[in-house]
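> Sequence:
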Amino acid sequence: MYQKMKGTYDLLPEQTRKYQQLEKVIRNVSKIFNYNEIRTPIFEATNLFHRGVGETTDIVSKETYTFTDRGKRSNTLRPEGTAGVVRSYIENKLYAAKIPVQKLYYVGPMFRYERPQKGRYRQFLQFGAEAFGSSSPMLDAEVISYAVSILRALKIKDVTVHVNSIGDDESKQKYREALVSYLDGKVDTLCSDCHNRFKTNPLRILDCKIDKDSDVLKNAPKPVQYLTESAKEHFDNVIKYLEAMEIDYIVDESLVRGLDYYTHTVFEVNAHLDSLGAQNTICGGGRYDNLVESLGGPKTPGVGFAFGMERLMFALESINFLGEPEYLHLYMMVLGEEQKEEGMKLLNRCRLGGLISDIDFLDKGMKPQFKLAANLKARFIAIYGEEEQKQGVINLKDQESGEQITIKKEKLYNKIITELMNPSSNCTDCAEESCDSCE
RNA sequence: GCGAUUGUGGUGAAGUGGUUAACACACCGGCUUGUGGUGCCGGCAUUCGUGGGUUCGAUUCCCAUCAGUCGCCCCA
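Everything in the first sequence is counted per our numbering, starting at 33 for the first residue and increasing by one.
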């Protein structure tokens with residue numbers, strides 16, 4: 033038997049409905065913030081990710097899915113969304129668009145070769161946003177508030193927003209030197225991973241989980257202490273605007289994040305749920321003022337974030353989030369070979385009128401068909417057999433009330449529509465929140 | 001890349017070195033040849049992830065492999 037590849041999963045209809053509902057909320061909030069959807073390819077030239085995300089990052093150094101195509105080109109399945117969106121921004125010259133600040137979002141699969149575990153897959157879904165063309169701290173604050181609004185709209189409450197600033201190039205450079213000279217000689221006391229980080233990416237040592245409580249790290253210099261005047265001012269303003277919008281946050285001086293392209297603001301949203309296991313970062317993001325230029329575009333600042341959709345779904349499932357319920361308006365019960373033709377005709381007429389309808393394809397008897405209709409959650413069952421055919425009528429059973437009436441078969445569609453218009457009896461306690469059935 | 005743990009029908013799961021692999025739910029059929037959801041009766045794994053080994057004999061023991069789950073690293 034064929035099996036799905038490691039780290040992938042099938043979304044069956046029941047689960048898909050939940051994702052559709054999740055996407056619906058995401059699109060609504062995006063609309064309110066005036067972010068518009070962009071769809072870029074799921075694979076790009078390998079080089080794009082190496083330059084964009086950074087050669088030394090774990091993502092490109094050991095997690096990419098890369099293949100050579102028949103034209104001998106090296107392609108890589110996208111491990112994250114930003115690089116592709118930036119490429120598209122540059123290639124389509126969006127920097128020259130009539131609207132100077134381009135605000136974009138995307139939803140789609142990403143690929144990373146990792147050992148799967150809770151909330152982590154090799155093919156996973158991300159929802160992300162990118163805003164280009166302004167270095168205003170207002171935009172950093174807007175992006176954070178956008179991320180928080182998504183969570184609010186989803187009614188996910190137990191979260192913390194961590195923010196920090198790693199500053200502009202000059203700040204980063206100064207800080208890096210200070211950290212390296214501070215750690216020089218002290219590295220031996222840290223874990224083996226930190227030894228490597230010391231050479232490749234010293235900033236990452238800061239958020240090492242193993243050594244986080246050691247005195248060496250506690251007393252280590254922090255990025256904020258090395259911010260230039262303007263970088264400091266930028267960060268202060270971001271904080272000021274977050275305060276103005278009443279967004280709860282924690283300044284986390286050790287927050288660095290793993291991707292090379294970040295400058296100034298970096299942030300993360302953590303959910304506090306046991307159901308998420310060890311992967312409780314549901315959103316990560318930050319500012320990247322040099323990325324567009326380093327990928328060959330004009331000097332253009334940007335800010336963005338990405339959510340892990342599977343992780344969002346874990347959070348949602350713990351608060352009993354449901355998708356659109358599954359149901360039928362009509363189940364067409366045909367009894368007998370001679371009745372099938374008329375049955376198909378009636379069924380089709382109802383479908384053309386927009387009724388969600390279905391029929392049996394397995395020549396089942398009446399009893400199994402009743403059971404099937406119940407499993408399909410049909411509101412009405414239209415019974416058409418020998419007797420009905422003789423008299424030119426059809427029996428219509430309302431599954432909600434249990435009542436059954438005999439009507440002329442031509443009246444089937446109109447009768448169902450009339451009944452569906454009546455206020456539903458099982459929608460009595462919808463007073464506090466509007467539901468689709470009541471509207 | 002490293003570590004832990006699991007792998008029996010559609011699902012949840014018992015079980016034992018030895019002829020027929022519990023039980024429950026689901027599903028199917030009948031009792032009731034035109035009215036489901038209750039009740040009763042019956043059906044539903046020639047087979048215990050896959051391959052190899054030990055053995056007279058393995059689903060049960062060993063090895064390998066594949067897959068799931070969780071953790072480390074890192075990340076969403």
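By construction, these hints were calculated from the structure, which means they are not laboratory data.
Small disclaimer: the values here were computed from a predicted structure and weren't measured.
Take these hints with a grain of salt, some might be off.
Stated by the list, open to error - The calculated lysine-lysine pairs, modelled on DSSO-like cross-linking and capped at a C-alpha distance of 27 Å, are:
#1 K204 <-> K231
#2 K218 <-> K206
#3 K104 <-> K204
#4 K38 <-> K94
#5 K204 <-> K187
#6 K377 <-> K409
#7 K443 <-> K422
#8 K104 <-> K130
> Each hint should be assessed against the structure and marked as holding or not.
Status of each hint after checking the structure:
1. Restraint check for K204 and K231: the C-alpha separation of about 16 Å stays at or below 27 Å, so the hint holds.
2. Taking the CA atoms of K218 and K206, the gap is about 19 Å. The hint holds against a cut of 27 Å.
3. The straight-line distance between the Cα atoms of K104 and K204 is roughly 38 Å, outside the 27 Å bound, and the hint therefore fails.
4. Taking the CA atoms of K38 and K94, the gap is about 17 Å. The hint holds against a cut of 27 Å.
5. Distance restraint check for K204 and K187: the Cα-Cα separation of roughly 37 Å exceeds the 27 Å cut-off, and the hinted pair is therefore not satisfied.
6. For the hint linking K377 to K409, the alpha-carbon distance of about 22 Å falls within 27 Å, and the restraint holds.
7. Distance restraint check for K443 and K422: the Cα-Cα separation of roughly 16 Å lies within the 27 Å cut-off, and the hinted pair is therefore satisfied.
8. For a cut-off of 27 Å, the pair hint linking K104 to K130 is broken: about 38 Å separates their Cα positions.
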